[in-house]
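The hints should help you fit chain B onto chain A, whose structure is shown.
Chains as they are written, first to last, in this note's numbering: chain A, 1 to 408; chain B, 1 to 151.
Simulated from the structure, these hints should not be mistaken for lab results. There could be a bad hint or two in this list.
[Unchecked claim] Calculated Cβ distances over 12 Å to all of chain B for the following chain A residues: (1) Asp13; (2) Tyr53; (3) Arg85; (4) Arg138; (5) Ala273; (6) Ala391.
[What the hints assert, rightly or not] Listed below are the simulated DMTMM-like cross-link pairs for lysine to aspartate or glutamate, each with C-alpha atoms no more than 20 Å apart in a straight line: (7) Lys193/A with Asp213/A; (8) Lys20/A with Asp2/B; (9) Lys20/A with Glu122/B.
No residue lacks a Cβ here, since even glycine has one placed at the ideal position from N, Cα and C.
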Amino acid sequence: MIPGYDVHAIRADFPILADKVRGKPLVFLDSAASAQKPRAVIDAVTDFYSHGYANIHRGVYQLSATATHAFEGARDAVQRFIGARDRREIVFVRNATEAINLVARTWAESNLEAGDEILITALEHHANIVPWQMLGDRRGTRLKVAPIDDRGEVVLDAFEDLLGERTKLVAISHVSNALGTVNPVAGMIAMAKQRGITVLVDGAQAVPHMAVDVSRLGCDFYVFSGHKLFGPTGIGVLYGRLPVLDAMPPFLGGGDMIESVTFEKTSYAPVPARFEAGTPDIAGAIGLRAAIDYLGTIGLDRISAWEHELLVYANAVLGRIEGLRMIGTAPCKAAVVSFVLDGVHAHDVGTALDQAGIAVRVGHHCAQPVMDIYGVPATVRASFSLYNTKAEVDVLAAAIRETLEIFR
Amino acid sequence: MDEIRELYQATILDHNKKPRNFRVIGEAALHADGHNPLCGDKLTVYVALDDRDRVVDAAFRGSGCAISTASASMMTELVKGMTTDEVQREFEIFHHLVTSPCDEPVDVESLGKLAVFSGVREFPMRVKCATLAWHTLRAALAGGAEVAKTE
Numbered sequence: 001m002i003p004g005y006d007v008h009a010i011r012a013d014f015p016i017l018a019d020k021v022r023g024k025p026l027v028f029l030d031s032a033a034s035a036q037k038p039r040a041v042i043d044a045v046t047d048f049y050s051h052g053y054a055n056i057h058r059g060v061y062q063l064s065a066t067a068t069h070a071f072e073g074a075r076d077a078v079q080r081f082i083g084a085r086d087r088r089e090i091v092f093v094r095n096a097t098e099a100i101n102l103v104a105r106t107w108a109e110s111n112l113e114a115g116d117e118i119l120i121t122a123l124e125h126h127a128n129i130v131p132w133q134m135l136g137d138r139r140g141t142r143l144k145v146a147p148i149d150d151r152g153e154v155v156l157d158a159f160e161d162l163l164g165e166r167t168k169l170v171a172i173s174h175v176s177n178a179l180g181t182v183n184p185v186a187g188m189i190a191m192a193k194q195r196g197i198t199v200l201v202d203g204a205q206a207v208p209h210m211a212v213d214v215s216r217l218g219c220d221f222y223v224f225s226g227h228k229l230f231g232p233t234g235i236g237v238l239y240g241r242l243p244v245l246d247a248m249p250p251f252l253g254g255g256d257m258i259e260s261v262t263f264e265k266t267s268y269a270p271v272p273a274r275f276e277a278g279t280p281d282i283a284g285a286i287g288l289r290a291a292i293d294y295l296g297t298i299g300l301d302r303i304s305a306w307e308h309e310l311l312v313y314a315n316a317v318l319g320r321i322e323g324l325r326m327i328g329t330a331p332c333k334a335a336v337v338s339f340v341l342d343g344v345h346a347h348d349v350g351t352a353l354d355q356a357g358i359a360v361r362v363g364h365h366c367a368q369p370v371m372d373i374y375g376v377p378a379t380v381r382a383s384f385s386l387y388n389t390k391a392e393v394d395v396l397a398a399a400i401r402e403t404l405e406i407f408r
Numbered sequence: 001m002d003e004i005r006e007l008y009q010a011t012i013l014d015h016n017k018k019p020r021n022f023r024v025i026g027e028a029a030l031h032a033d034g035h036n037p038l039c040g041d042k043l044t045v046y047v048a049l050d051d052r053d054r055v056v057d058a059a060f061r062g063s064g065c066a067i068s069t070a071s072a073s074m075m076t077e078l079v080k081g082m083t084t085d086e087v088q089r090e091f092e093i094f095h096h097l098v099t100s101p102c103d104e105p106v107d108v109e110s111l112g113k114l115a116v117f118s119g120v121r122e123f124p125m126r127v128k129c130a131t132l133a134w135h136t137l138r139a140a141l142a143g144g145a146e147v148a149k150t151e
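One chain only, chain A, in its complex shape (with noise of 0.2 Å):
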């Protein structure tokens, strides 16, 4: 138990909780892929698609001003919660992704040249891959890729070794989404740092998870997604530490990052507004700051702490079912468990815990190299996340137990 942790309570927060999915309650394990929102977030949308909205950065009309203010409540927002030091380095995005594929097509295309080498771990999501391979394919970058071992770690040593001399950037996840390591970034930001290599960190897996603080790791670039932080789709951050990010080219050209545009020459604004071209997704980000004041009212520490205790439950429970392997044994782990069942391909073991209304990710989990690594073509993954209950690991070892007896 957590003091001062009330479950239940938290999960009359999230209206499709009380949801039954083929007659039976919900069972939402799949909170890595996206999480569930809370009626604060819910509210703060509709609240302000029904009462506040206008665009932003134009009006002199008052509802344009409302709005405005709104919008940019919420990159402070952003920056209190992940410890940026300066507003200014908070540019709103459509996703981590994007967020990563800015990096690449800004600050790469104008810092990197051909034989310059991004190193990587092997735990990476496909958004922290394919965009500096294609990086390579337009300037001749090489990609590098730091081992793990047989518990999903990071191999520091093999890590710290393919920082040479061509090294650029490390891009690196702070949590992986298919196997849930938390990595050790303080430390591998520290060694890169040493070496004067810039840092981007994917923390899209770890800010819904654990207190972040972005100046204290001193990374350069920092990325999430604002809906797997129970917010709602279609908004992202990039964090940038700001004078790496005022030496930025832009990204998208358009309204709104001009300063001031003729045929002969336009100038750019400065950041972040240089890398927010076109009108944003106003109530996306109005929408994060409420997903973001809601954690704030339980406490991240609380929420990793009752994560913490759901995945050492889920690990016994599920530790005792014969013919379940384990993928991803990492002692540093956030509430994921990923697992491949004996003789039951992960699709149909998808199927099957979707009849007893449970729902979990099955496949490669957008990280078929992890897969490659070890030699199996998919995994079902369970993610928790603060709604989540011991009863509900319960659930979902009856139903897996099941489905062994179905399949063998």
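Showing chain B alone in chain A's frame:
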């Protein structure tokens, strides 16, 4: 989990566990690779024709879920002895079976053993698993130049 037993009928579970014709046919055979990128199912279908375009042998190799494995296994059994035109007709019957509305009656007579796949209609996410082998067989008969993908 009654619906699950409805989907995974004994025949399907049996073919999944002991897939028939799970082998490679030598160099003379037509073959094609099939890939379901969403699921990671991958298989290769081999087919040998005689000089009158009749299937004299069909086989497959690969890895996939129970639905795709059983579908491939039963398909290789079914098409042996058929002409390529008959295979095409069978493909259409099967495709219709797994994509038709759930309340449409199943014509067991024309489907034969394939009728066990009628449960797939209730699981739209799994239709591609059931049809992968069939798409791959068609690609093999067409020359096998490209990797077959489900839809």
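Here's how the hints hold up against the structure:
| no. | hint | in the structure |
| --- | --- | --- |
| 1 | Asp13 | holds (29 Å) |
| 2 | Tyr53 | holds (36 Å) |
| 3 | Arg85 | holds (42 Å) |
| 4 | Arg138 | holds (24 Å) |
| 5 | Ala273 | holds (38 Å) |
| 6 | Ala391 | holds (19 Å) |
| 7 | Lys193/A with Asp213/A | holds (17 Å) |
| 8 | Lys20/A with Asp2/B | holds (17 Å) |
| 9 | Lys20/A with Glu122/B | holds (18 Å) |
Going down the numbered hints, you'll see the structure goes against none, and every one checks out.
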